[in-house]
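Using the sequences and the hints, build the whole thing.
Residue numbers (the UniProt record's numbering), protein chains in the order written: chain A, 1 to 343; chain B, 1 to 343.
Be aware that a few hints might be false.
The following label-pair restraints were derived from C-beta to C-beta distances [what the hints assert, rightly or not]:
(1) B/Thr74 / A/Arg164: 29 to 39 Å
(2) A/His215 / B/Pro298: 30 to 40 Å
(3) A/Pro135 / B/Glu193: 31 to 41 Å
(4) B/Gly221 / A/Glu23: 32 to 42 Å
(5) B/Thr74 / A/Gly98: 40 to 50 Å
(6) A/Pro135 / B/Gly307: 56 to 66 Å
(7) A/Lys50 / B/Pro298: 54 to 64 Å
(8) B/Asn105 / A/Ala141: 52 to 62 Å
(9) B/Arg46 / A/Arg335: 53 to 63 Å
(10) B/Gly307 / A/Arg164: 29 to 39 Å
(11) A/Thr74 / B/Ala223: 55 to 65 Å
(12) A/Gly98 / B/Ala223: 22 to 32 Å
Here are some of the chain A residues that sit facing chain B, going by a computed Cβ distance under 8 Å [said to hold, decoys possible]:
(13) Ser101
(14) Leu231
(15) Val235
(16) Thr262
(17) Val268
(18) Ile274
(19) Gly277
(20) Lys282
(21) Gly285
(22) Leu286
(23) Ala287
(24) Gly289
These are computed hints drawn from the structure, not numbers from a lab. Every residue, glycine too, gets a C-beta built ideally from N, C-alpha and C.
Number of protein chains: 2
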Amino acid sequence: MRATTIHAPFDVRLSEVPDPVIEDPTDAVIEIVAGCICGSDLWPYRGENKITPGSRIGHEYVGIVREVGADVRTVKPGDFVVTPFVASDGTCPNCLAGYQSVCQNIVGIGGPRADGGQGEWAKVPYADGTLVATPDVPDDALIPSLLTLSDVMGTGWHAARAARVEPGHTVVVVGDGAVGLCGVLSAVRMGAERVVALSRHESRQKIAKEFGATHIIAERGDAARDAVLELTDGVGADAVLECVGTDQSFKTAFAVARAGSTVGFVGVPHGVEIPIGRMFGKNVGLAGGVAPVRAYLPELMADVLAGEINPGLVFDLELPLADVAEGYKAMHERRAIKTLLRP
Amino acid sequence: MRATTIHAPFDVRLSEVPDPVIEDPTDAVIEIVAGCICGSDLWPYRGENKITPGSRIGHEYVGIVREVGADVRTVKPGDFVVTPFVASDGTCPNCLAGYQSVCQNIVGIGGPRADGGQGEWAKVPYADGTLVATPDVPDDALIPSLLTLSDVMGTGWHAARAARVEPGHTVVVVGDGAVGLCGVLSAVRMGAERVVALSRHESRQKIAKEFGATHIIAERGDAARDAVLELTDGVGADAVLECVGTDQSFKTAFAVARAGSTVGFVGVPHGVEIPIGRMFGKNVGLAGGVAPVRAYLPELMADVLAGEINPGLVFDLELPLADVAEGYKAMHERRAIKTLLRP
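Below, the structure written as structure tokens:
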């Protein structure tokens, strides 16, 4: 089969790789219906993370189960499934507590033990603890939204949950990538009264508004802080979603957080220095991390199937898998927010 | 009147200072019944914080209201009151949200605008937003416990609240000072099933046990972490209270926190580097800060008056105010956990 491999910065290719086979009785083999490129894939693409030349890349996909190991109970061949970006056993204390992303036997999707999503087929371990199937094979129009549940929508949801968004809140979302936009959608869905998206890009502002953002702030840094404080009579936001992961974005998040609020963070931190003195003085908490999207999948899947949310709007570029290199390039150059790939 | 002043490291004195007078209509003047020395007073005492020679020190006391300004409504002369370690207006958005320690008009007790508690009398601003009176003048035996509500008990409570202690939890308390011990008491009162006190000192271990600690771990650093992990089958604690404020104590706190838990922190951070990568990877949150003890005062006062909690056990040295210098020395040399001073 064909799957995406990375060889050097800015060099991703569709390569011939071995077909996946069931090895363990808890494995499943899936024919991929759609995969996509994650903002975090751009870190190695840009050479900012270490690359093992020829290694697989990609960790978000949906597909049809074609084969399962002898111990698999919850999915069967023919099921349409969403695969979270990490595989989890579903039985360890962390999984049972709803933190499958910290599973004691975690397996990264797109690593040596589980095929990535930017390919034609995938083997996934711990099928019962990992996969969630739809009741029926869904309409093609729902594929993009279901695909977001493998990562970005669950991650935006986690940011909002970690930030303890409540009905009536004023929520600030730092970051207008796919995760940030899904954070906007999540805050709205949780009943926030005002959702402020920090975004400079018109195409992203548009989606933020479609997701229910009530305010757009195009400024950054101190100017963004001042705009939020003006909007909140100097008090600050009731909840803040940090969906970038840079020191600047964390600074902005803490600067706009009101006393007693929580910054929910889901952007992989890169060179971030936490303002512990400010946290202490203002009683601003920090919570979040690698999103347990598996925990949120049943609820969010039901919302997508019922038409309550349409997170698939974050895909503004769809390409055949053969053009995966162009998909990366478009996201790197910010011509696309997020690229969907069809094998 | 006489009050404590600090002149240089290790030089505190009882000095003659002006009598307090009502200046603003929201002021109250209080005759101090008991004051005490805080662990945070030791920072300037040891020269680790900047000192203005001759400045007042102390911020914890209880007393009898002797005079109130024209606008004061909730306390009257003759009332026995507890004064939190900061004065708060009670009307700003932060106060109304229960974060009086981040009041927009905050006044530090023991600063230029509000007399400290290591003296004979005190003027306090924003009497209605700050003071809480007992229904009657309490029995002398309750004075130590009521005095802890001005700071350490409310602070330990805040650590447990911030860490989201719930019934059935396994809770680790890092720090065996008065605040850490009150953290133990708070976790027990909130229904924790197992409360693990990290303590090397026999006298403190004894109080921790009296407060309901089920386990004492005398080790530090990696050994303490290993002991907690052994106790929790490798999972870690459901909630962790950080009651010290050093980099080492934060490291220990995060090392023993299970996935999805929260480190509640109330120790003033000194040179702390937050392990953001670990927080992200394990989904461990951080919450807390300057405790809004005013918010907790009514509930904790009721508990003390009902004999449900006895936090006054943290006082293991009582001295006349004239011996305040010896009180500091005893705490600095760790001969005393906490010193109560009677004018």
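Hints, verified against the model:
| no. | hint | result |
| --- | --- | --- |
| 1 | B/Thr74 / A/Arg164: 29 to 39 Å | 31 Å, holds |
| 2 | A/His215 / B/Pro298: 30 to 40 Å | 37 Å, holds |
| 3 | A/Pro135 / B/Glu193: 31 to 41 Å | 40 Å, holds |
| 4 | B/Gly221 / A/Glu23: 32 to 42 Å | 41 Å, holds |
| 5 | B/Thr74 / A/Gly98: 40 to 50 Å | 44 Å, holds |
| 6 | A/Pro135 / B/Gly307: 56 to 66 Å | 57 Å, holds |
| 7 | A/Lys50 / B/Pro298: 54 to 64 Å | 56 Å, holds |
| 8 | B/Asn105 / A/Ala141: 52 to 62 Å | 55 Å, holds |
| 9 | B/Arg46 / A/Arg335: 53 to 63 Å | 59 Å, holds |
| 10 | B/Gly307 / A/Arg164: 29 to 39 Å | 35 Å, holds |
| 11 | A/Thr74 / B/Ala223: 55 to 65 Å | 42 Å, violated |
| 12 | A/Gly98 / B/Ala223: 22 to 32 Å | 31 Å, holds |
| 13 | Ser101 | 7 Å, holds |
| 14 | Leu231 | 14 Å, violated |
| 15 | Val235 | 5 Å, holds |
| 16 | Thr262 | 7 Å, holds |
| 17 | Val268 | 7 Å, holds |
| 18 | Ile274 | 4 Å, holds |
| 19 | Gly277 | 7 Å, holds |
| 20 | Lys282 | 6 Å, holds |
| 21 | Gly285 | 3 Å, holds |
| 22 | Leu286 | 5 Å, holds |
| 23 | Ala287 | 3 Å, holds |
| 24 | Gly289 | 4 Å, holds |
Violated hints, in rising order: 11, 14; the structure is consistent with all others.
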